[in-house]
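J.: One letter stands for each residue in the lines below.
There are 2 protein chains.
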Amino acid sequence: MTEDNHASESHTDVLIIGAGPSGLMAAYWMSRCGVRARIIDKKPTKVFTGQADGLRVRTLEIFDSIGFQHRVQHEGHVTVEANFWVPGPDGNLIRQGPFCSSKVNESPFHNTLLNQGRIEQFILDSIKEHSGLKVERGIIAESFDYDENLKDDPDAYPITVKLRTLSDEEIKSPSVSGGGSPQAVQSGFDRSNLVSDDWEDLVQKSRSHQTKTEIIKAKYLIGCDGAHSWTRKQVDIPMVGSSTDHIWGVIDIIPISNFPDIRRLGTVTNAAGMILIIPRERQLVRLYVPVQVVDKATNGDARFDRSSITPEMIKERVQAILKPYTFDYKICDWWTAYQIGQRIAPTFAKDDRVFLAGDAVHTHSPKVGLGMNMSMQDGFNIGWKVALVATGVANPAILSTYNAERHHLAEMLLDFDRHWSGVFTENKPPEGGLGKTESMMKIVELFEDFADGLKAFYGASPLVCKLDNEQGLIPGHHLVPGERFPPVKLRKQADGNTQWTTRILESDGRFRLVILAGNVCDATQKQRIETLSHFLAGQLGENASPLSRYTVLPGRSGRPIDVVTIHSAPWKETEFFDFPEILRDFDDTMGWGYGKIWCDDACIWDRDCDGKGYERWGVDRMRGVMLIVRPDQYIGWVGELEDTDGMTRYLDGALIKAVPGK
Amino acid sequence: MTEDNHASESHTDVLIIGAGPSGLMAAYWMSRCGVRARIIDKKPTKVFTGQADGLRVRTLEIFDSIGFQHRVQHEGHVTVEANFWVPGPDGNLIRQGPFCSSKVNESPFHNTLLNQGRIEQFILDSIKEHSGLKVERGIIAESFDYDENLKDDPDAYPITVKLRTLSDEEIKSPSVSGGGSPQAVQSGFDRSNLVSDDWEDLVQKSRSHQTKTEIIKAKYLIGCDGAHSWTRKQVDIPMVGSSTDHIWGVIDIIPISNFPDIRRLGTVTNAAGMILIIPRERQLVRLYVPVQVVDKATNGDARFDRSSITPEMIKERVQAILKPYTFDYKICDWWTAYQIGQRIAPTFAKDDRVFLAGDAVHTHSPKVGLGMNMSMQDGFNIGWKVALVATGVANPAILSTYNAERHHLAEMLLDFDRHWSGVFTENKPPEGGLGKTESMMKIVELFEDFADGLKAFYGASPLVCKLDNEQGLIPGHHLVPGERFPPVKLRKQADGNTQWTTRILESDGRFRLVILAGNVCDATQKQRIETLSHFLAGQLGENASPLSRYTVLPGRSGRPIDVVTIHSAPWKETEFFDFPEILRDFDDTMGWGYGKIWCDDACIWDRDCDGKGYERWGVDRMRGVMLIVRPDQYIGWVGELEDTDGMTRYLDGALIKAVPGK
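Residue numbers (UniProt numbering), protein chains in the order written: chain Z, 1 to 662; chain F, 1 to 662.
None of these hints come from the bench; they were simulated from the model.
A quick note: this is a predicted structure, and the numbers were derived from the prediction, not measured.
The reader is advised that the hints may include incorrect statements.
Claimed, not checked - Pairs of lysine-lysine, DSS-like flavour, derived with a Cα cap of 30 Å:
| # | chain 1 | residue 1 | chain 2 | residue 2 |
| --- | --- | --- | --- | --- |
| 1 | Z | K103 | Z | K212 |
| 2 | Z | K492 | F | K134 |
| 3 | F | K612 | Z | K103 |
| 4 | F | K134 | Z | K128 |
Input sequences plus hints: build the corresponding full structure.
T.: Rendered as structure tokens:
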């Protein structure tokens, strides 16, 4: 602590504090975009058991755009239908359900349960695939200095942070190893519970740091350091909200039970209380149970006594509620207890130099399975923006959209959580048997789009160009700026392979011009595409094409803007070489860009590729439309194929023009 | 070589020589079944580029049963349609096609192209997941001794092999590092061409062997040591057949071409010659080109002069054939040249103690994309049989089925290859333009089932109980002993998750009783299931149940025979707990076997799960049927739900009864 004179000093463009789901997501972008970055975490290893487990549809789409959704799908447990058990007329528990979301087919993916530790592993693997960026573990940030005078100079390093390598003793302390982690987990399951690549991380936890302390100067700081965020405190941003009087126990077990729906998502409510049942991977089931209500009347700000809550106590509670069904377990993977609170920071950023993401700025109950999703999507949102600004590709003005986009959603999350928790913790059977179920379904419906991430509600900004008519260009148009590009499975013109747009619109750091080219077999339509291509090829005036005027990411060759064409003519009646050269993206070494032309036509050997993309997008199959899709797959701008001015305006606002000859 | 006195001596149940695709497949079973085994290879690393690349449908189903098909699907390139280019009436090349197999939807998977090196990596990862078995590299077998007198004693070690660790100099010699590997590969692509987990293998190629030589005594030996198999020579098994006069060049490149179908599977034939085009992963395309014909008339047994064939020469050949289209490349990943021959060993085994698999016993032209598939399926076939016999689970009599099953298929392969090569190498344009295409399509159709592995033609044996009526029990029945269990996507009764039977019938070393329970909502049918369950539960007499009488794999708890029930009643009208206890497989620690009851019902959120499994199997939805599926997913026996005698007879023939109290 007093060795400042021995501390080394170094510079980095981006420093990320905290390597949980949100920090890793931000780090993915640094790795992918070639940003000079560091990421530190105080814990000596990543998470292995317990913690978050719910993965919502939009999160899975993001995973697909990164490239590891197939691993989640292989290991995770899908839950689509939900069941609500309530006492029937005779007092015995009866099932209401299964209920299924009406939006269940709006994404190729379905809500999935998988341990947070696996997700962290997958993101780490993706980071490794693209760069040498490594999480530096067992390190804390000790002091913070911010020079406000430098905030408007994009080349300046206004942030100074002192890092310190923890000693082995410090690492063993509960505040580092995690207060919420298991206190008395059943033995015999630890090893079988981990996948082999987890183990390697655990074994290789050695910290090979050269110095005990280090001064880092950074252009940008992203604080992803959890509910007790050190970073947030440095920039004096408070958390607003309060704890409720609800205390919950949560336990991950392999059940031994004759309850019919122990492997199905749902709730059980009766006079004895309520349980939320969440089936998981590897035969695990997670149970959430309200275990105690702090008597606020007699004890104003009582914090509950965690030591009174044990796995045994949670088990007895579950047994009482499930009666007459039996319940027991021999294997407990993880458990904890917590007091529910809803808290949010009034802002998620300081001067667009320091950003906060995930639990550092919003905490809430974990039962709705949204926490990890919101956190990862925070990190995913700020990550590409900081990465593109730090590399000189994007206009620093886009940074303000982080707070605008994510704070609003966090407020919606807390609102959702308040409703959901409320319904949950009315600790009594519903009147008339069905009342509770109905009110739950109402809430679920209300928040369905939001919860699954099918809608993002991102407002107008330098990154979202809203249309005058919010419904879009044509009646029934579903391509809305500020919302994700709705996934569709397409055929590649050149080779006939099928792929979801979530993979095609890969998270590689580039904005994309997506040309829905319509029916290119029609002469008039073909002419429209040719006119657009002339413009894109720069044949309508020097430096007029947006495909070549902007800065390219470091180490990348090719265009700063990726162009993807999706036509609606029959696959067999169209040829890759029918399309204008500029859409086929020639490279001296790699040849033609065979992955650039796609077709919305049915494929007889792939049912998901049904040729109904244009219908799903609400776009006329003849006339098409074009759009700019942001690096995170949200739609930035939509316009007719002739609206090259609108497209250029959007891009000029977001990106920085390359300096000629540089 | 003269250090015999320093050689250590050790025992192993199974020694595998050669860690290519067939050897690794055999090793997978050793790892999965807990067999004491060793696997050696003379090369210091696995393959990284080039070699085989074609993965047929049945191979992909096997990968799914092992658990890595999702990785192949993520990285590989699917080819379904094929195009044949021939000169049209005006002499210019025209496309015939695309042609698509009529069987394209008989499997969840489609023929895929992916480098052999990745496949080896995936199998290695699976081996690592289940055991500590590691490939010992840079090691050769030097001497072999076989004591015929011990062949009938299952506990004896009749095989003695002396191993030697190669010196660095030896490893660098062409005979070890691979004569067919690249001689002058373009630089700059080596690294980008490898995936990160490949690199690790390359870096960790250190050979940490304690001794220079070692004597190993083994119960069984599996020789997977390629076309020049050392093992085959030790047991005096010849190769029968001959080289043809056809010489081919093959080149893996990233094409720069305006040929419309350069990214599509197909052929181009004209007066200048013929090309086979195979699109691959990572923008690669493989081209096979006949480059030279050895004049047999003047030079009886001429071996071609490989040095005369260069990438440049292959390129010029392609350019001439593709005219007027352009062709060039800057990146060449791998290339080679070879003389086509069809050779087969008259037997694949010696005394059912030494087995030979893959190229060691059959070689042929690589163009049909079958070589790696046949080899892996050889290894997959012999692997489980040796593993179960070595662990005392299965009757040694099953070992003879390896030669019976695989030799017949290898003969079919050579027959296929002769036809295919013939059509290919008629080095002239087809008469009438379409004649060639038509004759090709005929061959393709003829061998379609065989090539894709949809049919295996395994004959009657202790492992395949043929029905009197080869058509099956009921008209239209498609469950044929000796053929694979046709894949269907089902819903899990307990949680509603969907899964392909290729995953459900996991390759874990167990035989499976698959009960197609029919409509269990019907009282009569329910009674039939209950009667069967009484029998299975052993309630009809002591030790009468086949579920408990056989030996269990080492380290396994639970049943030697896995029971999977698949009913046809509506998912929502059926409960997991409706089924008899014996079908729900209770375990004291893990609770009920929620993965044991499946339902053939349509799922609204998964199009592949269409509720038409019984129709596909040709099984009556009311009455059902039952079958024994072998560990490799081939059907061993089929019978009515009452035919417990038939089932028991089959199992008694294949498995060894456990010694009570042992």
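J.: Is the Cα-Cα distance between Z/K492 and F/K134 30 Å or less?
T.: Cα-Cα ~40 Å, so violated.
J.: Compare the distance between the alpha carbons of F/K134 and Z/K128 with 30 Å, and conclude whether the hinted pair is satisfied.
T.: Given pair F/K134, Z/K128 holds - Cα atoms ~25 Å apart, limit 30 Å.
J.: Checking one constraint from the list: CA of F/K612 to CA of Z/K103, max 30 Å. Satisfied?
T.: holds, 25 Å
J.: Between the alpha carbons of Z/K103 and Z/K212, is the straight-line distance 30 Å or under?
T.: Judged against 30 Å, a Cα distance of about 53 Å means the pair is violated.
The structure is inconsistent with the numbered hints 1, 2, although it conforms to all the rest.
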